[in-house]
Amino acid sequence: AQSVSQHNHHVILSEAASLELGCNYSYGGTVNLFWYVQYPGQHLQLLLKYFSGDPLVKGIKGFEAEFIKSKFSFNLRKPSVQWSDTAEYFCAVKGSQGNLIFGKGTKLSVKP
Amino acid sequence: GAGVSQSPSNKVTEKGKDVELRCDPISGHTALYWYRQSLGQGLEFLIYFQGNSAPDKSGLPSDRFSAERTGGSVSTLTIQRTQQEDSAVYLCASSLGTGMDQETQYFGPGTRLLVL
Chain Y
1 AQSVSQHNHH VILSEAASLE LGCNYSYGGT VNLFWYVQYP GQHLQLLLKY FSGDPLVKGI
61 KGFEAEFIKS KFSFNLRKPS VQWSDTAEYF CAVKGSQGNL IFGKGTKLSV KP
Chain V
1001 GAGVSQSPSN KVTEKGKDVE LRCDPISGHT ALYWYRQSLG QGLEFLIYFQ GNSAPDKSGL
1061 PSDRFSAERT GGSVSTLTIQ RTQQEDSAVY LCASSLGTGM DQETQYFGPG TRLLVL
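Chains as they are written, first to last, in the numbering used here: chain Y, 1 to 112; chain V, 1001 to 1116.
The hints are simulated quantities; they were obtained by calculation from the structure and are not laboratory data.
Hints are not guaranteed to be accurate.
[Claimed, not checked] Capping the alpha-carbon separation at 30 Å, the derived lysine-lysine pairs in DSS-like fashion look like this:
#: 1; chain 1: Y; residue 1: K61; chain 2: Y; residue 2: K71
#: 2; chain 1: V; residue 1: K1057; chain 2: Y; residue 2: K49
#: 3; chain 1: Y; residue 1: K111; chain 2: Y; residue 2: K58
#: 4; chain 1: V; residue 1: K1057; chain 2: Y; residue 2: K104
The structure presented is a predicted model; accordingly, all values stated were derived computationally and were not measured.
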C-alpha cells in the first residue's frame, strides 16, 4: 500500500529563514503528489501539485517543491518564511481511488 | 456558495447514539471524498463517490459507518452507535472529476465530532 512520510513533526523558524519540509512516498510507479496547508482555524488548502513534466513545481505564496524520483521525495521549500506561514503542512500522494493518502503533517511555527 | 460546506460544524453526542454528518460539494463537482482527521491517526480516507456510487467502501472503519450520496450532490455520513474513538474531525472534499486537471480536491471546514 502507498504511504507518505513526513520527517519533521514540528519546525520552528524565525522570519526570513529558509524552509525545507521533507516528504517521502512509498510507491515506485507513476505518482501524483500534493502539498496542502492548514492555517490555524481554517480548512485544508492546496499549495501545489505534481502530475508530470518539470519536477520543480511552483505553488502559491512563494512555495515550491521538487519531485526527485530516485529518492522518492517531494520536499517543500520556501526561501524566506513569514509569520503568516505558521500552519500545518501535509504532503499527500494520490491513491488508487483518486483519494489522497496523507502524511502525518508538519507544524510550522514562525517567530516574528 | 463557492466552497464545500459541511454541517453541523460541531457535534457533541453520547456514546451509543447515531449521528449524521452532511456535506454539500462545490456545484458541478462529480467526485466527493470523506476523510477523518484525528490526533492519533492523522488524515484517513474513508470513502469516495463518483456521482452517486461508491465503488469501494473498504476505507470505512467499521460497519457502524455508512455514507450515501443522492442526486450527485449532497452526501451524508452516518455513524451508528457512536463510540468514543469516533471522536474526530470529519472532512469532506470534492473535485471536478478524476482526470489529471480535474483532480484537485477542495476541502470543507469539517465537522468536529465529540462522543462523550
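Hints, verified against the model:
1. Y:K61 with Y:K71: holds (26 Å)
2. V:K1057 with Y:K49: holds (26 Å)
3. Y:K111 with Y:K58: holds (25 Å)
4. V:K1057 with Y:K104: Since the Cα atoms of K1057 (chain V) and K104 (chain Y) sit roughly 23 Å apart, the hinted pair holds (cutoff 30 Å).
The structure agrees with every numbered hint stated previously.
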